[in-house]
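Colleague: My request is simple: use the sequences and hints to build the entire structure.
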Amino acid sequence: MKKVLFATTALVATAGVAAADVTFGGYGRFGIIHVEGAANETTITSRFRLQIDATAESDSGIVFGARARIQQDNDGDSNGANVGEDASSISGIYRADRIESGINGVRFFARSGGLEVGVGNIFGAIDSMPGMYPVELGLTGLSYDYILNGAGGFSSTYDSDGNGAAGRNGVEIMYSMGDLSAHLSYQELDLIPGNAIMDGDRIEGYIAYTFSGWTVALGLQDSDIATDTELALTVGGSVGIADLTFGYADNGTQGDAFAITAAFDVGAATRVTVVVLDQDNYADTVYGVGVNHDLGGGTSIRGGIQNNNAGNTVADLGVRFNF
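Each residue of the sequence shown is one higher than the last, beginning at 960 in my numbering.
Hints are computed from structural coordinates only; laboratory data are not their basis.
Some hints could be false.
Cβ pair distances, simulated, as ranges [stated by the list, open to error]: (1) V1022 x T1244: 40 to 48 Å; (2) G1137 x G1061: 23 to 31 Å; (3) G1137 x I1003: 43 to 51 Å; (4) T1229 x F1282: 31 to 39 Å; (5) N1281 x I1062: 15 to 23 Å; (6) G1214 x V1175: 20 to 28 Å; (7) A1227 x F1067: 35 to 43 Å; (8) A1015 x A1242: 47 to 55 Å; (9) F1282 x A1228: 14 to 22 Å.
Backbone N, C-alpha and C define an ideal beta-carbon position, used for all residues, glycine too.
Modeller: Given below as structure tokens:
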């Protein structure tokens, strides 16, 4: 990988662009996943993600850049075809038969000091606020039912997979200074062409401040999508050996959500994660536990088990390697 990076940087430099850089990174994962009640309850799951980051710096010190991801997910009986997301992703049930492949929409940005402006496949303020994604349970995340903003549906802003991020074009401003950070974003959405329920505008923002080792973040959103988060509040910090995050969200027609996550080390190489979330429109309280055992060199064994929002048991186990 280092040889590839050196060669790429050298090619860019010889093209006459000063202070330019292209880097590649990502991860692979593979294992098994069990979904109670699915047609095939236990199947193979895998993902390959290659992230490309390209930047160039002007003489005045402004950094311009872009990020794109090439990703393929295989969860089910098929391998390699791009069939998109099935209807179960809308209800928050784990997508046991999802196969996605391709390059996502590109995010472009300009950055100077603590100020950054992004356009295209933007991160989005609510999706990026501290405490929104405090942990990743198991190998796959197990549908992220424990995330405050209702991640099982279309609440997420940034499209990281191979569906091209169609209908997710926007603009955002991010600012940080010391312990203070803020983020404002706007999108025009066409998530399901021809379906007005999932179309419209979003304007969202958050402000966060860190003091005495604790970070408090408040997010607000005005959206035409009825299931989007309207307000979110998170508090995160450490107590003894545990990293804790507490959160509340008003998720529109999905109702109120309350979440607690905890993560702590067991020995030098093993980290345990515990999650609990209750949301008004969920059939059952979400709770689960995950284990991440570090093998060194960017490799790890990961697994988790969760009671999802429908009251079904989902579990996974496998290997992840970062590069």
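Colleague: For A1015 and A1242, compare the CB-CB distance with the range 47 to 55 Å and indicate the outcome.
Modeller: 50 Å Cβ-Cβ, so the 47 to 55 Å window holds.
Colleague: Given a hint of 43 to 51 Å, does the C-beta separation of G1137 and I1003 actually sit inside it?
Modeller: Cβ of G1137 to Cβ of I1003: about 47 Å, so the range 43 to 51 Å holds.
Colleague: Does 15 to 23 Å hold as the CB distance between N1281 and I1062, or does it fail?
Modeller: Check passed, 20 Å falls within 15 to 23 Å.
Colleague: Is the distance from the Cβ of F1282 to the Cβ of A1228 consistent with 14 to 22 Å?
Modeller: 20 Å, holds
Colleague: For G1214 and V1175, compare the CB-CB distance with the range 20 to 28 Å and indicate the outcome.
Modeller: 23 Å, holds
Colleague: State, for the Cβ atoms of V1022 and T1244, whether the hinted interval 40 to 48 Å holds or is violated.
Modeller: 44 Å, holds
Colleague: Using the beta carbons of T1229 and F1282, state whether their distance is inside 31 to 39 Å or not.
Modeller: Taking Cβ atoms as reference, T1229 and F1282 lie about 22 Å apart, which means the hint is violated.
Colleague: Taking the CB of G1137 and the CB of G1061, does the distance hold inside 23 to 31 Å?
Modeller: 40 Å, violated
Colleague: Determine whether the Cβ-Cβ distance between A1227 and F1067 falls within the hinted range of 35 to 43 Å.
Modeller: 41 Å Cβ-Cβ, so the 35 to 43 Å window holds.
In summary, the structure is inconsistent with hints 2, 4 from the numbered list given earlier, while agreeing with the others.
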